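Undergrad: If you read the protein sequences in the order shown, they are chains A and B.
When we follow the numbering used here, the leftmost residue of the first sequence carries the number 1, and every step to the right adds one.
When we follow the numbering used here, the leftmost residue of the second sequence carries the number 1, and every step to the right adds one.
None of these hints come from the bench; they were simulated from the model.
Everything numeric in this text was worked out from a predicted model, so none of it was measured.
Even for Gly, the Cβ is constructed at its ideal location relative to N, Cα and C.
Some residues of chain A that are not near chain B, with every Cβ distance over 12 Å (derived): (1) A6; (2) G44; (3) L141.
Taking lysine-lysine and the PhoX-like style, the derived pairs with C-alpha atoms no more than 25 Å apart in a straight line are: (4) A:K206 - B:K12; (5) B:K140 - B:K188; (6) B:K283 - B:K256; (7) B:K86 - A:K206; (8) B:K140 - B:K129; (9) B:K192 - B:K229; (10) B:K86 - A:K218; (11) B:K142 - A:K218; (12) B:K142 - B:K132; (13) B:K176 - B:K195; (14) A:K130 - B:K12; (15) B:K229 - B:K182; (16) A:K218 - B:K117; (17) B:K82 - A:K206; (18) B:K129 - B:K188; (19) B:K142 - B:K117; (20) B:K209 - B:K195; (21) A:K218 - B:K82; (22) B:K64 - B:K195; (23) A:K218 - B:K68; (24) B:K284 - B:K241; (25) B:K142 - A:K206; (26) B:K176 - A:K206; (27) B:K12 - A:K128; (28) B:K142 - A:K2; (29) B:K120 - A:K218.
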Amino acid sequence: MKRYIAKRLLQTIPTLFGVSLLSFSLLYLFPGDPAEFVAQIRYGIEPSPQVVEEVRRELGLNEPFLIRYVHWLSHVIRGNFGISWTEGEPVIKLIMQRFPASAELFFATFAISIAFAVFLGILSAIYKDKAIDHFCRIFSLLGISIPSFWLGLMLIWIFSVQLHLLPAFGYGGLRHLILPVLTWSFSFMAIKTRFVRSCLIEELSKEYVVVARAKGLKDRVVVLRHAFRNALIPIITYFSLSIHHLIIGSIMVEVVFSWPGLGSLLVESVFKRDFPVVQALVLISGVMFVFVNIAVDLLYAVIDPRIRYGE
Amino acid sequence: MLRVENLKVHFKTELGIVKAVDRVSFDLREGEKFTLIGESGSGKSVLAQAILRLLPENAIVAGKIIFKNRNILELSEREMRKLRGKEIAWIPQSQNSLNPVLSVGFQCAEPLIEHFKVSKRRAFSRVFKIFKFLGIESKKAKNYPHQFSGGMKQRVLVAMGLSAEPELLIADEPTKGLDANKIGQIIKIFKKINKTMLIITHDLRFADKLSDRVAVMYCGEVVEISPAKDFFSSPLHPYSKGLLDSLPSRGLKPIKGFQPSMIDSPKGCKFRERCEHSIEACKKTPPVITLNDRLVRCWLYAKRREIEKNV
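Chain B on its own, in the form it takes in the complex:
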């Protein structure tokens, strides 16, 4: 449904070129919930905004984003506008994403009014239905964002994304700033939504409960793509293992060191300096290895495969 091919998003800044997304490829299958996992600053949100072409002007985007056989990056601004909200909708991060001076009902109705040219009243009656589905009282539609709690705001954002019945939903950190109880509610809501979803999160447990497949991003690169079940039972990439081991339920072992800067990131494997298994080959750019329906960008697996071949 959506295929990202060799996507690069670089930002020109005074300090140098920030490689926020580098050589990223993945594909989204119809109806699945695909989760992008990574630390803050690993380029996840930039990737999401690149798909909707909402990046600021200093962003340099290269590669291909194929949505329904069309390369999004080659569409005109007019065509792009027809796509946004209607075919690909965005559920933004919770804080400050709602306009403080417009009622939440109207903000949710906006995509409908814009794309289907329906009256305000008809748009609102549709919004009421979505509100009911998400457990928001319809009388709250007249209220303004400051009258909502964080969890309710998040639901409103989901409603806003759903209102024009898009084919693909991109949720950016839907659990940011929410407590465990509220996260549970968001999981329930997301499970009820029967759509192709690209979920961006750093919350591993959230990803575990929700996703069909998982992609791990590290320093602008996708280092592993695996079915969620396999990922959480036997991660491939050393970074994935490190991430899972840092969970409290798995021993709370943090990964040594810090994520390198995106301006002059290390050559070869970007995780090399923090990796316990790093070998001489890691100084060269690691290849993407396919193992059944899993992908991993790591020399360890290349070596293993070579060894297997030789035997």
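Chain A extracted, bound-state conformation:
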């Protein structure tokens, strides 16, 4: 197992190189001259060509691509993502300022939607084609088809504008968290509920389930201990693959609710062409995704005894 983990970590190195190369190239893929933007920000509209050249040299933009990439990477490895062009502050500081808000929203949504998806999925599998199942089906269908930005605005209109119960936007205590989490979970859990249901229904039709019942076990034990543990394998794969939906979704939800997280930082930075920040955020989300995948692979071995690494 330890050898397997070491092997997997080594294997991530080429992937991480690719991710870093791509996020670094963003600067070159975007149209326009970055030196001009920075000069505009610093010295007002229409800077003279000399000023632009000066800025270009200062930012090191005159150097060849590869040298700049290596330079950037060597700093990034040490946790230095450079200085924000617009804020004049270290990128890492900006990110750390926004990180707690994003993490709060991310984990609250993740936990709530997984818990509900599993709970409703199990319920609708057990009561297949009964009222509860139909209710869950409609619920999921709505979650899939209603766009989150619209749902977010509607919730703001109902709970903030009309009922004055919850704040419409901003970051603060638990009350601020409710609407964004509700909006985001509703769509995130929708397909997952259906997925849990169909995985569990498939497992419930297997021979070992009848055998478990033949032992005189209670239905609850048969479903949870026997069928659900087997259904977990595809469920975990699917849930982990959907984490990038969560990362992408965060951008939209944070913008709608003016949530001061990394998603809204990314959008702001893109509009301001603050490339060091964009590069850092793209790199961080890519790296996160790689490590989530490793964690999931290791989780398989915990759940499924047929998967044993490096033995």
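Got chain A; can you put chain B on it based on the hints?
TA: Chain B only, in chain A's frame:
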């Protein structure tokens, strides 16, 4: 000990009503090994699952199954659960009957933990004893089903059935998918088990070596019940004769034609169309004739008895 009276199990399907078990009556005597013989699809396994009430929801069950003076079909689900595994245990067919993500030891201990509320450790020590009795190393209890061969899996299933010391064991096709050598081992194991057993098989030689009495099922009906010795030396029903004649040791003569569909099976004797001795009377439902301690459902014997009476 167990008396099945006029049992009918019908399934409602889109194609029509499948009469999987039709007007079946037999009784199991304390301590005997009673074998149900029949081709695949003759309703044997459905009969076994009907006794444990493990059939899917679309099954319509009528008749009586009397176990220790109680009609199983009238018990509540709660009472039924207390019966399953503890008083009547099921040894399922080998493939896929074990849960792939639970250790075999735990799966064998489950009935004990459920019915006697013993600790996991005590249940396991009992499982070790049964494993020893069946020739499974106790250290294998920690292993998972995929680490076992077919023959070993079959032993584990037997251990699972035996663990809570049931009064009646129902073994469903215990030799399915095993080679001759492994079948020999299963015969030895079954001979060692001193319990009332209902064995379901299509393996005639297996039935010959093991059973005290034999019932032959054809197209959902029991056509003959005889002591094993008499059955294998002089079968009564033409179908029984056909079955025995199809054995390699007895000339390898297959029965002509195919088993009719259970949806619209022929009226009268269901074997009529394949039977060499069929007479005009066979178009009517044949009576069950008692000859000493043997039963046969065939007009030939009714005629003979009538003739004897008249003389």
